[in-house]
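Student: Spelled out from the first residue to the last, the chains are:
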Amino acid sequence: MATGKDVNQVVEKLEACAAESIELTSRRDLQFNTAKTEAALCTRRGGHQKHLRPKLTAKIKVGEGIVRFNKQATRWLGVWMDAHQTFKEHHNRCMKKAMAVQT
Amino acid sequence: MISLLSCMGIVIEKVVAELLSDEAKRRALLSDGQSGSREKRSALDTAAIMVDRAHTAWKADNTRCILLMDIKAALQSVARGRLIDAKKAKNRDGDLIRWTESCLSERTVQMVIEGNVFQSHPVEAGVPQGYPILPIPFAIHTAGMIMCVDERVQAESLSFVDYL
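These protein sequence lines map, in sequence, to chains E and Y. Residue numbering for the first sequence is 1 to 103, as defined by the numbering used here. Residue numbering for the second sequence is 1 to 164, as defined by the numbering used here.
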């Protein structure tokens with residue numbers, strides 16, 4: 001996770017983070033599964049950070065590949081996290097599963 | 001490779017896993033962001049930390065982004081020698097190092113398909129999935145990397161050993 005004043009600054013940090021991680025894992029005989037690499041932008045609902053929405057198209061260089069921010073919710077450790085951290089998506093999916101069991 | 005252990009083997013491993021976990025805590029061998037093989041640190045706790053950090057960033061009118069990376073075939077890829085060297089370098093308890101080394105040594109794999117027993121082969125790399133003890137040595141093995149990334153890039157890493 002990285003924090004910055006704007007998306008470009010954070011993307012730079014994430015790229016540096018990815019480069020360091022890839023280098024350090026290779027020294028330990030490990031490697032990342034590039035197909036599973038994802039990025040998500042956390043934006044406050046409405047107000048101040050409306051201007052960040054176009055930045056969802058920003059590209060993050062991870063190793064030899066490029067990763068873009070997820071436009072939909074991101075699943076991590078079994079939790080569906082949406083950009084505004086409202087967990088509506090998680091709630092909806094849980095409810096859908098529960099309703100399927102009930103019927 | 002999923003390993004099937006005897007009940008006694010599982011009991012012994014659980015005891016050693018607790019000892020390793022206690023030692024890791026006592027000697028601060030793990031990064032604060034590591035979860036999944038540690039007491040009272042569940043997946044939900046880790047997700048909650050991420051949400052909390054996002055809210056903190058918003059309060060300061062900052063932007064928060066996350067990059068999710070998955071280590072491929074983590075347990076299978078670990079070289080035994082490197083795992084043991086990493087533990088020795090961290091000045092760990094000698095008995096626990098020897099126990100882990102013994103646990104990972106002289107392992108063989110043998111396949112049985114429809115009653116046909118194939119020749120067994122030595123396994124030189126990887127730690128078998130199914131051993132209760134192994135997430136902790138793996139977490140210690142990767143702890144240095146996580147701390148190093150946080151220090152160099154001014155980011156915060158959260159890692160979770162998604163073991164089973």
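To be clear, the hints were calculated from the coordinates, so they are not data collected in a lab. Watch out, some of these pointers could steer you wrong.
To be verified - Here are the simulated lysine-lysine pairs, DSBU-like style, with alpha carbons at most 35 angstroms apart:
hint	chain 1	residue 1	chain 2	residue 2
1	Y	Lys40	E	Lys88
2	E	Lys71	Y	Lys59
3	E	Lys88	E	Lys71
4	Y	Lys25	E	Lys13
5	E	Lys71	E	Lys59
6	Y	Lys14	E	Lys5
7	Y	Lys14	E	Lys88
8	E	Lys36	E	Lys5
9	Y	Lys25	E	Lys59
10	E	Lys59	Y	Lys14
11	E	Lys96	E	Lys71
12	E	Lys88	E	Lys61
13	Y	Lys14	E	Lys13
14	Y	Lys72	Y	Lys25
15	E	Lys88	E	Lys36
16	Y	Lys59	E	Lys13
17	E	Lys88	Y	Lys59
18	Y	Lys40	E	Lys5
19	E	Lys97	E	Lys59
20	Y	Lys25	Y	Lys14
21	E	Lys96	E	Lys59
22	Y	Lys25	E	Lys96
23	Y	Lys14	E	Lys61
Stated by the list, open to error - Which chain E residues stay away from chain Y? Per the calculated CB distances, all over 10 angstroms, these:
hint	residue
24	Lys5
25	Arg44
26	Ala73
27	Leu77
28	Gly78
29	Gln85
30	Arg93
31	Cys94
32	Met99
What the hints assert, rightly or not - So the derived label-pair ranges between C-beta atoms look like this:
hint	chain 1	residue 1	chain 2	residue 2	range
33	Y	Lys25	E	Gln31	26 to 32 angstroms
34	E	Lys61	Y	Met8	23 to 29 angstroms
35	E	Gly78	Y	Met147	48 to 54 angstroms
36	E	Arg27	Y	Lys25	36 to 42 angstroms
37	Y	Cys148	E	Gln9	18 to 24 angstroms
38	E	Asn92	Y	His55	18 to 24 angstroms
39	E	Met95	Y	Ile10	36 to 42 angstroms
40	E	Met95	Y	Met111	24 to 30 angstroms
Given the structure is predicted, the values throughout are model-derived calculations rather than measurements. In this text, a Cβ means the ideal position worked out from N, Cα and C, and glycines have one as well.
Student: Take the hints in turn and mark each one as holding or not.
Tutor: Going through the hints against the structure:
1. A C-alpha spacing of about 26 angstroms is found between Y/Lys40 and E/Lys88, which places the hinted pair at or below 35 angstroms, so the restraint holds.
2. The suggested pairing of E/Lys71 with Y/Lys59 holds, with an alpha-carbon distance near 23 angstroms, which does not exceed 35 angstroms.
3. Annotation: proposed proximity of E/Lys88 to E/Lys71 holds, straight-line Cα distance about 15 angstroms (limit 35 angstroms).
4. A hinted pair counts as satisfied when its Cα atoms are at most 35 angstroms apart, and Y/Lys25 with E/Lys13 qualifies at roughly 29 angstroms.
5. Pair hint E/Lys71 plus E/Lys59 holds up; C-alpha atoms about 13 angstroms apart against a cutoff of 35 angstroms.
6. For the suggested pair Y/Lys14 and E/Lys5, the alpha carbons sit about 46 angstroms apart, so the restraint of at most 35 angstroms is broken.
7. The hinted pair formed by Y/Lys14 and E/Lys88 fails the criterion: a straight-line CA distance of about 38 angstroms is larger than 35 angstroms.
8. In summary, the hint linking E/Lys36 to E/Lys5 is supported, as the alpha carbons are separated by about 27 angstroms, within the 35 angstroms threshold.
9. Of the pairs offered as hints, the one joining Y/Lys25 and E/Lys59 is violated, with about 38 angstroms between alpha carbons and a cut-off of 35 angstroms exceeded.
10. A threshold of 35 angstroms between alpha carbons decides the hint, and for E/Lys59 with Y/Lys14 the separation of about 44 angstroms lies outside it, so the pair is violated.
11. Simply put, E/Lys96 and E/Lys71 have alpha-carbon atoms about 21 angstroms apart, close enough for the 35 angstroms limit, and the pair holds.
12. Restraint check: the Cα-Cα separation between E/Lys88 and E/Lys61 comes to about 30 angstroms, which is no more than 35 angstroms; the hinted pair holds.
13. Taking the CA atoms of Y/Lys14 and E/Lys13, the gap is near 39 angstroms; set against the 35 angstroms cutoff, the hint is violated.
14. Between Y/Lys72 and Y/Lys25 the alpha-carbon distance is near 26 angstroms, which keeps this suggested pair within the 35 angstroms criterion.
15. This hinted pair checks out: E/Lys88 and E/Lys36 have alpha carbons roughly 23 angstroms apart, not beyond 35 angstroms.
16. Among the hinted pairs, Y/Lys59 with E/Lys13 is consistent with the structure: their alpha-carbon atoms are about 20 angstroms apart, no more than 35 angstroms.
17. Taking the CA atoms of E/Lys88 and Y/Lys59, the gap is about 21 angstroms. The hint holds against a cut of 35 angstroms.
18. The suggested pairing of Y/Lys40 with E/Lys5 holds, with an alpha-carbon distance near 33 angstroms, which does not exceed 35 angstroms.
19. For the given pair, E/Lys97 sits about 34 angstroms from E/Lys59 by alpha-carbon distance, which is consistent with the 35 angstroms threshold.
20. Between the alpha carbons of Y/Lys25 and Y/Lys14 the distance comes to roughly 16 angstroms, so the proposed pair stays at or under 35 angstroms and holds.
21. Annotation: proposed proximity of E/Lys96 to E/Lys59 holds, straight-line Cα distance about 33 angstroms (limit 35 angstroms).
22. Note on Y/Lys25 and E/Lys96: the hinted pairing is violated, with a Cα-Cα distance of about 40 angstroms set against a maximum of 35 angstroms.
23. Between Y/Lys14 and E/Lys61 the alpha-carbon distance is near 41 angstroms, which puts this suggested pair outside the 35 angstroms criterion.
24. For E/Lys5, the condition that its CB be more than 10 angstroms from all CB atoms of chain Y is violated, with the nearest at approximately 6 angstroms.
25. Here E/Arg44 does not stay apart from chain Y, with its beta-carbon only about 5 angstroms from theirs, under the 10 angstroms limit.
26. The beta carbon of E/Ala73 sits about 13 angstroms from the closest Cβ of chain Y, which is more than 10 angstroms, so the claim that it is off the interface holds.
27. The claim that E/Leu77 lies off the interface is violated: its Cβ sits roughly 4 angstroms from the closest Cβ of chain Y, which falls inside the 10 angstroms cut-off.
28. Non-interface call for E/Gly78 relative to chain Y: violated, since the shortest CB-CB distance, roughly 6 angstroms, does not exceed 10 angstroms.
29. Distance to chain Y contradicts E/Gln85 as a non-interface residue, since its nearest Cβ pair spans about 5 angstroms, not more than 10 angstroms.
30. Non-interface status of E/Arg93 relative to chain Y is upheld: no Cβ of that chain comes within 10 angstroms, the nearest being about 14 angstroms off.
31. Distance to chain Y confirms E/Cys94 as a non-interface residue, since its nearest Cβ pair spans about 13 angstroms, more than 10 angstroms.
32. The beta carbon of E/Met99 is kept farther than 10 angstroms from every beta carbon of chain Y, the shortest such distance being approximately 22 angstroms.
33. As the Cβ distance of Y/Lys25 to E/Gln31 is approximately 29 angstroms, the hint placing it in 26 to 32 angstroms holds.
34. Separation of E/Lys61 from Y/Met8 is about 50 angstroms and departs from the stated range, judged on CB atoms against 23 to 29 angstroms.
35. The hinted range of 48 to 54 angstroms is not satisfied by E/Gly78 and Y/Met147, whose Cβ atoms lie roughly 26 angstroms apart.
36. For E/Arg27 and Y/Lys25, the hinted distance range of 36 to 42 angstroms is not satisfied, since their beta carbons lie about 26 angstroms from each other.
37. Under the hint 18 to 24 angstroms, the C-beta atoms of Y/Cys148 and E/Gln9, about 21 angstroms apart, fit the expected range.
38. Against the hinted window of 18 to 24 angstroms, the Cβ-Cβ separation of E/Asn92 and Y/His55 comes to about 22 angstroms, which satisfies the hint.
39. The beta-carbon spacing between E/Met95 and Y/Ile10, approximately 37 angstroms, falls within the hinted interval of 36 to 42 angstroms.
40. Distance hint check: the CB atoms of E/Met95 and Y/Met111 are about 44 angstroms apart, inconsistent with the given range 24 to 30 angstroms.
In summary, the structure is inconsistent with hints 6, 7, 9, 10, 13, 22, 23, 24, 25, 27, 28, 29, 34, 35, 36 and 40 from the numbered list given earlier, while agreeing with the others.
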